[in-house]
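Asks: Protein chains in written order, with my numbering: chain R, -15 to 198; chain D, 969 to 1507; chain Z, 15 to 423; chain Y, -3 to 440.
What the hints contain is simulated information worked out from the structure, not anything from laboratory work. Some clues are possibly wrong.
[To be verified] Below, simulated DSS-like cross-link-like pairs (lysine-lysine); rule was C-alpha separation at most 30 Å, straight line: (1) D:1350 x D:1184; (2) D:973 x Y:194; (3) D:1053 x R:137; (4) Y:405 x D:1092; (5) D:973 x R:126; (6) R:126 x D:1478; (7) Z:104 x Z:79; (8) R:137 x D:1108; (9) R:137 x D:1239; (10) Y:194 x D:997; (11) D:1092 x R:126; (12) D:1395 x R:137; (13) Y:239 x D:1100; (14) D:1053 x Y:405.
From a predicted model like this one, the values you see are computed outputs, not experimental measurements.
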Amino acid sequence: MNPLLNPKLPEPAYKEEFTAGRLFTYRNPSDLTLWERLYVPEVLRGLSITGSIFFKNMGLWLVWLGYWARGRANEAPRGAVTVYYPEEERPDMTKVNRGKHILTQRLNGEPQCVACYMCATACPAWCIHIDAGEHPDPAIEKYPVRFDIEIDKCIFCGYCEEACPVDAIRLTTDYHTVDYLRERMVYDRDYLLSWNPTKVQQEHVYPGGEPRRG
Amino acid sequence: MSEIKTVTLTIDGRQVTVPAGTSVLEASKVIGAEVPHFCYHPGLPVDGNCRMCIVEIDGARRPPVSCATSCADGMVVRTDTAAVKAIRASVMEFLLVNHPIDCPICDKAGECMLQDYYMQHDRKRSELRDEKVHKPRLVKFSDRIVFNGERCILCTRCVRFTENVTRTHELGIVNRGDRALVEVAGGGSLHNRYQDNVADICPVGALTKTDFRFKKRVWFLKHTDSICPGCSRGCNVVLDHDKNEVVRVMPRFRAEVNGHWMCDEGRDIHKRIGVDRLLAPRVKLPGREGGATPEEALEAVAEVLGEARKTPDRLAAIASSWGTNEEAFLFAKLFGETLRTPHMDVKSDSDEGYPEDDVLHTADHNPNRAGVVAQGVVPNDKKGGLGLAGILDACRRGDIQCLVVWGPGLSGHLPGGESELALVLSKVARVVYLGWKDDPVARLAHVALPTPAWAEKDGSYTNCDGIKSTSVRALDPPPGVRGEIEVLADLQARLKGRSYGRTFRELAAKTGAPLPPRRPAPALRQPSLYRHASGVARP
Amino acid sequence: MTLDWAFLLITAVNLVAVIGLLLNLGGVLTWVERKQAAVMANRIGANRCYIPVPVPAKAPGGGWKVRWSKRFTLVGLFHAIADGMKMLTKEDYTPPFVNRFIYNLAPFIAFVTVFATFAVIPFGGPVEPARLLDGPLLSGIGALDGARAWLAGFFGDGSGAARTFRLQLADLDIGVLYVFAVSGTGVFAAALAGWSSNNKFSLLGGLRASAQMISYEVALGLSVIGLFLIHGTVDLGRIVDQQQSLWMWGIVLQPHMFFLFLAANIAENKRIPFDMPEGESELVAGYFTEYSAMKMGMFMMSEFVAIAVIAGLVTTLFFGGYHVPFLYDDGFHFGESVVPLSHLTVVVLRLASFTLKVLVLCWFQILIRWTLPKFRYDQVMRLGWKMLLPISLANLVLTAGIAQIVNAR
Amino acid sequence: MAYTILDGHKTLLNFPRGAEGTWTLDSYRTRGGYSALEAVLREGRYTPAGLLDQVKKSGLRGRGGAGFPTGLKWSFLAKQRPAYLVCNADESEPGTFKDRVILEENPHQLVEGMILSLFALEAEHGYVYVRGEYVHPQKRLDAAIREAYEAGYLGEDVLGAGRAYHITLHSGAGAYICGEETGLINSLEGRKGQPRLKPPFPAVIGVFNKPTIVNNVETLASVCSIAEFGGEAYAQWRNESGKSTGTKLFSVSGHVERPGVYEVPMGYPFKRLLEEECGGMLNGMPLKALIVGGSSVPVVDAETAMKIDLDYESCAAHGTLLGSGGVIVMGEGTCMVRSLEVLLRFYHHESCGQCTPCREGTGWIHRIVRRVEAGQGTMVDLDELYRIADNMEGKTICTLADAAAWPAKSHLRVFRQEFERHVHEGRCPFGGRFPDPFHLGPQA
């Protein structure tokens, strides 16, 4: 269709330009104004923005020094929005953060898991290792004899949670998954079950979150 | 030769010519229009109860089931119309109404026809608002087979298997309607020797093998075409393995050998791979005692044979009936041609196994006696060659200076067993053993070389009917263990014999082994749960 | 000819000062870059390296014991040391497929050329050692008389007149030309490193580096020729001398050329927004992909030293070098009024002035690096050839014309 | 309306109602019994092919429910011998009890019809598969067969014609599905009573893998009349406007004054049957619904019922089937949901469990209707019910799934508002009970 026949059509979103004897077509042509294309003033503007943040934060540091000198460093206003991780923790960590795994339990404390390997199959990091066994109760039939998660391989994508057909594995908000020993970073079945071994048998409470209903 | 009568019909607008009497379902496979089915199995009589394979045939009063409809000339069949698809969806819905949908704990998941067809033909939520019908679960049909009544779709494949294949009639359907149930007749248990097949042919997870139950999810398995070494039938099988370990053995369809079936013992033989293995070479020659590398051990063998070559009459070689055709070929060439010994024969490696019957089992529990003999491992009559008994007698008399034993089980040929074996071998100056088992001979031999088990090497086997089958290496042999082909070819080279090739594919041209189809390398993981896991055409 | 011991001593002092200053500045800049970037981005930045300090602590069973505090971090300054230690002690892995000789040579070229550039930069005003201890405060101290006499004797020219030394390693007539020549040699470092690594990424990085450095070399030279026309010399020492007056500072005479010169220098140094040769996002690490340990460290070090060298060069050409506004050899002159200062004070003030200007310009370069996004490669080349080069040529013509008019008058 | 019928002659119920001893050989002979057989065997009235031809000419259609032309069916019989004739006396359709009357009151007519049929089919051996619950009819039939053997109508040399005819009585074990011909054959062979795949049809491979003809009791008994009067005469007994021929037994049950079995010619109006033969509706209550041909045919409402002529064509024209002639009359006050629930309970119980749609579907729709009847259904359930019934239809080996689906669909179609009232009111508007059409006797 000839765009001239329909003047309401928008301008074609590309620009053609002869450069080095060839016709180049830019799909996303620059929409900079001449002032912006002079570059230097805009660079200076950018530098003034980052520079002002720099000086503001240095000023705040001086203020902090003042508070620190009076032993009230905690009350000082701070420019940094990040935290010193092991010493400090973010108070506003989201409830849907994907962290350490847990295995949910049946009423008698056994794992809800039926060892279907869906999580192990879905896991892109291949960090879940299950051995299935025959459960004495024929209504359950199958349960995990071994359920290991190599937390150091885990990428916290949450696919295991998605794949689980019986809501047996969940990611909690707990993100303290570091350790100095690799051996300790393989979470076994008992560890994964030990998140809340005695409390709340009536409903499975999502640690740090709302209780799930229904 | 009588001409096979053929009929020509149209399926989905394509002309197909098939032998008369072919079912529409089989004819559809020819053009790749796969008609879904549960109860139909090519190895069993047609029952037509699942109603999944309904197609449209022009002129038929009501849509017929394609498994029970024979092709006729000029028939016009449609397998992909909207009406047919609607019928399939409705049949799937009926099948799933009372199915427990416990795929997570079901071992069939991943190779379950119900799952696959659900994804292909149904894909909707259950509309059932009432209680499902409950049936017994975890019924032990035998110590090999467990039955789950709720998962059963009553296709009667298992019933027809016991009726028509084993003719033992243990299974039957009791009760009517949605209360129907497969039961072992008279409350006994399955007692035939082919019972694992009922779990194979079960299209759902109703019948499972205690052997495989909960061991592995099927989508983790890799599949390798192999043969069963349990008897001289040489059933074609698929080894399902993962992490260098065979998890289960499934029969592979080969019409002229084993059809669709195999016996229970064949499924258990893989468990012996790791038992009593000879893992490292042993050398007890003067000056060479102690641990030896595979290279040193091979050198020792070459030295012993080089010595023996000077008196070929006093050299004897006993071959394994578990060896492949290619190995036997090299064995015959090495000893018959290069070393010129007249004394060559093949022994039985194993005499354990089920007795002979009229389904599959044969009396000889070694897979390749016929093949080894056919490759020329026979006494040279012209030069007064001795057979197996003759060789053992000659050993006893001290006439044999060097004895090469390939494979375990020599003591089974001596009435006195192991103690007599020690006596006999003590009269022989040099005993060389080659085999995968830590046999009494291996302990008495001057040089013992480990070799791979059958699942760990390529090779072809000739069964009792003279049919050759090829087995593909499924597992990695233990570290440092080299295959017989390599060892024999190496010895041939060290002894300045003719070179016939060092790989299976080179030698297969000489033994006439059927080359296995090159399968695409298995994906590290199956990309989709919904693909048929075994990768072989579904029966 | 007898050895000029006084000259040798001054040169040795200069050498130690320059190398000490630059090496440490390079190390500190690694920390500055991290910390400044953090402060600019509302982050905290490097803060974990510490030197254990014993502090008394209460023992559990009563009494006191020594606890090693981890809190002496000095706002993360030890990270620079830790970085250096790490690079020195890491395995120096040489890939098997490289051209060993050139591979090993390249980082040294990079390192040496950067250091050599600084040789001609005057980092302090003229010093008369004989007068160093004269001053309103020091002259009263009799104990220094001996030293004063020794200084006069040692640094005298024999005729009793005091000799004047410049705080500059090499007072070359060709001055800036030497700078261009040496920094031009730096191209070899990147090109050779890229080629000898026998790696596609390295090679591409090396190619980009050489193309980019050669391109900007042109603009770099042309952008300051205007200043040379005005000053009538390329000797950096004499250029600085002429910037005694604030009105003769390069930034006042040719402010636009300051931007050009700085841009060209950053491009020479291959830093963001001109970090095509490294191109983390597409070339792994560019021409030093295959380098590890201290060889990689030398590339990194040379980059940070180059920041300081560029700062020194810009200071010298555009910010009056070591000059402090209104400060003359004998003190501050504000119009008619004079604040007399001792010679030592003036020398120290000028050294401090130079150092301060260098530090501010280092800070400014780091500010640029953490503010601007990176160019595309074709944009880099287009900027160099189609913007910087014509502008500097136009500036050259214009400056030459004005200079002709001014001189003719 | 005019009927061409032998005046006052009943061919099947040709004995006084309620008379004693009608089942004996003597009584049967006094009514002209075995005369046709004697004429055929002794006098050679017909050759086997000729008798087959007469059956074809008579237009006799199978009286078991499907209405397949008998002559055509016989002509399909494969040529190899032995071949068998099987009489299907497994009368288990709810609402149908006509064969029982023949077996109890007039068994010799069946025996004679079977011998004639064996003659026409050139077979020797006939089986009678009698429903297991019919203990009394079995005794009568057994006695009749014994009498026939003694009188020489059965045996190695029948009536000196040099032909051997045998009839064996086989008692079923009580399964609805054994009334289906292949299911019956399986049961007769001693297997589980499950229908077989067709083809091969029983006429090619039937009992003991031999060619077999399976016919209903009434069909075989009617062969006597054909042999007696000739096929063309038989074909005249009908409503002139209709095409169906012969007389037919109708077993009327439900809310009528005089339930029972009536023999009327084909095409007899239902209205006349109801008002004249049966004496009208019970207590004069209005008619609500009619099932004309046994429980498996679609139900019709009162208005349609009154228009129906009792023959195959008229029934089909009014959306139902003549079936086996089990007329179930339902008066006002009957809960149609309950009626359907009762029917589906039967089919759920009787499904053999072979084909998937029937096995799972009958149970499923029964459970839905049961819930609707209990007042716990939803509108979605009604649509589901119709959809499932529709899915069941026409996909199984035998027609049991259809037999369950048709009533379900027709109940929903014709009496939908009653189902909706169950849903909306949350209970059965008829109090969960109803005048039970299956258990109400005439005295009620």
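Asks: Looking back at the numbered hints, which does the structure fail to meet, lowest number first?
Replies: 1, 3, 5, 6, 7, 8, 9, 12 and 13
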